[in-house]
Each structure stands twice: as C-alpha cells, then as structure tokens.
Amino acid sequence: MLPSPHSSSSSSEEKLATMEPQSPSTLPVFHIENVSCFYGRHKALEGVYMDIYEGKVTAIIGPSGCGKSTFLKILNRIGEMESNVRVDGKVQLLGKNIFARDINLNLLRRQVGMIFQHPNPFAMSIYDNVAYGIRTFHRLSRPALDEAVESALRSAALWDEVKDSLHQSGLALSGGQQQRLCIARALAVKPKVLLMDEPCSALDPIATLKIEELIQGLKQQLTIVIVTHNMQQAARVSEYTAFFSTDERRIGQLVEFDLTQKIFTEAEQPSTRDYVAGRFG
Amino acid sequence: MRDAFAPLAPSKKLFNWSMGTLGFFLSVVALIPLVAIFWSIVSKGLPHLSLDTLTQLPAPAGLTDVPNGFANAIIGTVAMVAIAAMISLPLGILTAIYLSEFGKQSAFASWVRFMVTILSAAPSIVIGVFAYAVIVLPFQSFSAIAGGFALSILMLPLVALATEESLKSVPNSQRMASAALGAGYARTTLRIVIARALPGIITSGLLAIARASGETAPLIFTALFSQGWLESFFGPSASLSVLIYNYASSPFSEQNDLAWAAALMLLIIVLITNLLSRWVASKR
Chain A
0 MLPSPHSSSS
10 SSEEKLATME
20 PQSPSTLPVF
30 HIENVSCFYG
40 RHKALEGVYM
50 DIYEGKVTAI
60 IGPSGCGKST
70 FLKILNRIGE
80 MESNVRVDGK
90 VQLLGKNIFA
100 RDINLNLLRR
110 QVGMIFQHPN
120 PFAMSIYDNV
130 AYGIRTFHRL
140 SRPALDEAVE
150 SALRSAALWD
160 EVKDSLHQSG
170 LALSGGQQQR
180 LCIARALAVK
190 PKVLLMDEPC
200 SALDPIATLK
210 IEELIQGLKQ
220 QLTIVIVTHN
230 MQQAARVSEY
240 TAFFSTDERR
250 IGQLVEFDLT
260 QKIFTEAEQP
270 STRDYVAGRF
280 G
Chain B
0 MRDAFAPLAP
10 SKKLFNWSMG
20 TLGFFLSVVA
30 LIPLVAIFWS
40 IVSKGLPHLS
50 LDTLTQLPAP
60 AGLTDVPNGF
70 ANAIIGTVAM
80 VAIAAMISLP
90 LGILTAIYLS
100 EFGKQSAFAS
110 WVRFMVTILS
120 AAPSIVIGVF
130 AYAVIVLPFQ
140 SFSAIAGGFA
150 LSILMLPLVA
160 LATEESLKSV
170 PNSQRMASAA
180 LGAGYARTTL
190 RIVIARALPG
200 IITSGLLAIA
210 RASGETAPLI
220 FTALFSQGWL
230 ESFFGPSASL
240 SVLIYNYASS
250 PFSEQNDLAW
260 AAALMLLIIV
270 LITNLLSRWV
280 ASKR
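Chains as they are written, first to last, in numbering that gives the first Met the number 0: chain A, 0 to 280; chain B, 0 to 283.
Worth flagging that the hints you see were computed from the coordinates, not collected in a lab. Heads up, the beta-carbon is just placed ideally off N, CA and C, and yes, glycines get one too. It is possible that some hints are incorrect.
Just the calculated beta-carbon pair ranges, DEER-fashion [stated by the list, open to error]:
id	chain 1	residue 1	chain 2	residue 2	range
1	A	D87	B	I271	58 to 64 Å
2	B	P89	A	E32	46 to 52 Å
3	A	F98	B	L270	54 to 60 Å
4	B	T116	A	N103	51 to 57 Å
5	A	E81	B	L7	44 to 50 Å
Derived SDA-like pairs: lysine to any residue, alpha-carbon spacing no greater than 25 Å straight-line [to be verified]:
id	chain 1	residue 1	chain 2	residue 2
6	B	K167	A	M80
7	B	K167	A	S82
8	B	K43	B	A194
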C-alpha cells in the first residue's frame with residue numbers, strides 16, 4: 000500500500016522508492032524530485048516525484064485543474080513565460096538541474112521541444128515554419144537546410160501532403176496538418192524530449208489517429224511526455240502513465256505513476272481506479 | 000413556451016422597424032458635419048487650386064497680378080512632418096516594444112504607459128509652448144527644427160500607444176511557440192512579434208503623420224511662418240496649417256482664397272495618408 004500522496008514530507012524517501020515503476024529498464028531522462036509549483040501564493044502542485052524514461056511515451060492523465068499542464072510546462076520552463084509561476088524542488092534533465100542559475104533556457108528548450116494544445120504555426124510559409132528553429136541555431140547552406148526541412152516533415156508524416164506547397168502559408172493547412180507541422184517544426188531542432196500538451200484536443204478523430212500513429216513512430220528517436228484528457232489515448236500510446244488529481248485543498252498531486260498497463264488494469268490507488276473506470280473527472 | 004416558428008407580434012415588429020429606421024436616420028445626421036466640411040472646402044478651394052498655387056510663393060498682400068501659391072508651405076509641412084517622424088517613429092516604436100514585450104505589467108512599464116497616455120491627451124498648444132521654451136528661446140530663432148520637434152512630441156504617444164496595441168494583438172501562442180523552439184527574446188520579438196505586427200505598426204505611424212500634418216498650434220510658436228522658400232532647417236518655415244490660420248482671417252480676399260486652396264490641399268494629404276494606412280492594414 001502506498002502512503003497517501005499528501006502525507007508528510009518526511010516519508011518522501013519511502014514514497015520515491017515505492018512510486019518508482021517496477022521495470023525501469025532504461026535511465027531516466029527527467030528525474031523529478033519533490034516538485035511543488037505556485038502561482039503567486041496559490042499552490043497548484045505539490046510533492047511530485049517522477050522519473051521519465053528514455054525512448055518511452057509517458058502519459059499524464061487526470062481531471063481538469065489537477066496541474067497536468069502546469070507540470071508539463073515546468074519541464075521546459077515555458078510556464079514562466081505565461082504567468083508568475085514559482086517551482087520548488089528538483090528537476091534534472093540527464094543529470095543536470097534545469098533550475099540551475101547558469102542554465103541556458105534556449106538550449107534547454109531546444110532539447111525539450113513542445114507541442115501545444117492548439118496548433119500554433121507561425122504566419123509564414125510551411126518551409127519557413129520548419130526552418131525557423133534550425134535557423135535559430137545554425138546557419139546552413141540552402142541545400143542542407145532543404146534537406147533538414149524535408150527530413151523533419153517526413154518524420155512528422157507531413158511531407159507527402161505538402162511537398163508541392165512548401166512556400167504556401169502554414170496557416171492555410173487543416174488543423175491536423177497544422178499540428179503535424181508544429182511537430183515537424185519541433186523535430187527539426189532534434190530535441191531529446193518532446194512534450195505534448197493535449198495535442199489532439201482541437202483535432203478531429205482522423206487527425207487524432209494520425210498524430211497517435213506518429214507518436215508510436217517517434218519514440219524510436221526520442222522521449223515523449225503527453226498530457227491528455229483522453230484515457231483511451233493514454234492507454235493506446237503510452238508505456239507509462241501518471242495520474243494526477245487534486246486533494247481536498249484543491250492542490251494538484253501525483254496520485255500514482257506506473258506502467259500504463261498496470262494503471263489501467265490494477266491500479267493501487269482507489270481514486271486512480273475510479274478515474275480510469277470513468278467514475279469521476 | 001412559444002413556438003420558435005411563430006411570427007413576431009406586430010408591436011415587436013413595429014419596434015424593430017422603428018429602431019432600425021431611427022438608427023439609420025441618426026447615422027445620416029452624424030455624417031452631415033463631415034459632408035458639410037468636405038463640401039465647403041472642396042467648393043471654395045477647388046476653384047483656386049492651380050499649378051501656380053502648387054509651385055509658387057505666396058504673393059505679397061494686396062498684389063493681384065503676380066503668381067500666388069503656397070509651394071513653400073507644402074515643402075515646410077512635409078519637411079517638418081519628416082523631421083517629426085524621424086524622431087517620433089523610432090522612439091515611439093521602441094517604447095511600444097519595451098512596454099509590450101519586456102516591461103509588460105512591471106511598475107516601471109505601467110508608469111511609462113501612464114505618462115505616455117497623459118502626453119497623448121496634452122493640448123497641442125501646450126506642446127507648442129514647451130518646444131518654444133526648450134528650442135526657440137535658447138537658439139533665439141524660430142525654426143523648422145523646432146516645429147518638427149514639437150510635432151514629434153505630439154506624434155510620440157500616438158505611435159507608442161497604437162504600436163503597443165498592435166504588438167499586443169499578436170497571440171501569445173506565437174511567442175510561446177518560438178520560445179519552445181529555443182529562440183531567445185530578441186529573435187522572438189524581431190522575427191515573430193514585430194514581423195506579424197508590422198502592418199499595424201506602419202498604420203499607426205501613418206495615422207500619426209496624418210494627424211501631425213494638420214496641427215497648427217505647435218507650429219505657431221516654433222516654426223512661425225515664412226513668405227519665402229525653406230532655406231534652412233534652422234530658420235522659420237511656412238506650413239499649410241499656419242498658412243490657413245494666417246490667411247483665413249486676412250482682410251485680403253486673395254489670401255482668403257489661398258487659405259481655402261491650402262485647406263483642400265491639406266485635406267488631400269491627410270486623405271491620401273489615411274488611404275495608404277488602410278491599404279497597409281488590409282495587407283495580411
């Protein structure tokens with residue numbers, strides 16, 4: 000039996016041990032230790048311990064307002080851009096503290112890409128959208144850039160649809176294509192981790208299916224963390240699942256983190272079982 | 000619960016119709032002053048607008064058999080507005096970029112924004128007196144530079160506030176997308192935010208120029224007026240607005256006519272600038 004997620008911090012060592020999934024076959028890309036998050040004086044997230052494993056898809060599920068997105072936006076420190084957010088605790092990317100004073104945020108975000116809930120291509124051509132990130136870091140020759148753009152669009156399964164219209168506006172694409180363009184744009188800078196914040200919630204079922212297939216293919220080359228409202232989606236695409244929920248003080252908690260299969264069939268926590276069965280949230 | 004497809008009651012129909020008619024009628028009433036101004040300026044100015052008026056200097060008062068025009072005033076207005084634009088556009092746009100992208104809601108930025116708003120409401124005659132005190136008095140001369148300076152103070156808050164609005168209208172998701180790719184603040188601001196807001200920024204600049212072209216009060220104290228050509232930026236300069244001000248109340252009817260023609264010219268300049276800004280705004 001796990002200690003309750005909001006038990007005292009003195010049990011944190013024990014909690015860390017018990018909440019680690021059974022088969023950590025690979026090294027963690029992210030090591031998250033006792034992370035809490037505050038918006039001003041309001042505490043949004045408390046005491047999260049989690050390891051994110053290389054080459055795996057980790058899904059984050061939970062009811063609205065449980066801090067899933069807040070948590071995701073800590074990992075590339077993009078939440079700081081949106082609001083006055085403060086994070087306590089330890090987050091390590093490949094052993095390095097991302098809150099270190101001398102961290103280069105631009106390089107962190109290059110390594111940890113992000114796909115947003117609503118597709119947000121730039122108001123420029125498809126080609127320039129994909130080239131934007133590359134141009135931020137490298138001055139490539141035209142052929143090399145062409146090649147990098149093509150390769151990113153191929154990885155995002157968009158190349159065949161847009162190869163004849165690379166110089167048309169990215170905004171002219173359909174919603175699903177726009178989201179894949181955003182994925183291509185993120186892949187172009189060769190991140191190690193891709194964070195996806197409900198990437199399909201604004202898309203129709205067919206576009207959603209394409210993104211899910213894409214995720215399956217992408218985990219060969221990178222680590223994916225995906226926040227989703229859709230439990231079936233979590234079950235379909237992920238190896239690990241983290242269930243977040245709010246306690247009676249309305250503070251977000253990590254309730255349970257385990258292999259996806261275990262979360263969906265034999266979760267330890269009653270609230271996880273209830274949520275997965277659709278009984279709340 | 001009434002049937003959704005039932006026809007409206009006659010009283011409601013009547014109310015609908017009468018409010019619609021009233022709105023239309025009042026809109027027409029609101030247009031009357033505009034049309035009246037336009038009509039009187041065109042009808043009184045057009046007969047006196049000729050090649051001479053656009054290319055010649057004002058004739059000495061009382062003389063009727065010499066060419067009469069306001070070319071020097073057109074040049075003066077264009078020159079002083081250009082000086083004003085060169086000062087106020089960079090300052091105003093950079094202020095707006097600071098407020099929208101960097102200062103945001105910080106105490107200093109809020110204070111700057113408040114001050115700029117106050118400045119935008121400052122009466123133009125006060126701005127004229129200020130420019131008189133800081134430029135004309137020390138240099139002991141009315142000058143085109145002083146006129147341009149006064150106009151630039153007038154334009155600065157207009158440019159800054161309108162540019163900040165167009166920068167703020169760029170969705171935050173665009174900034175986030177850029178940052179998430181590892182682009183820094185400078186690159187995001189330049190390549191994403193400014194690039195997207197550019198039509199709006201150009202529009203705000205053009206509207207400020209249109210506004211400044213017609214200003215009289217700041218120029219009376221600074222550039223004064225001149226019967227001759229603009230020879231130096233350090234000397235007094237003619238301008239269309241001050242020419243209208245001087246000549247409209249003149250006892251000589253030729254000068255009154257010239258004032259009407261100058262008013263039409265000013266109207267045309269302002270109209271062209273406005274049309275240009277609308278055209279730029281319609282891009283994208």
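- Task: Against the structure, test the hints numbered earlier, and report the numbers of the ones violated in rising order.
- Result: 4, 8
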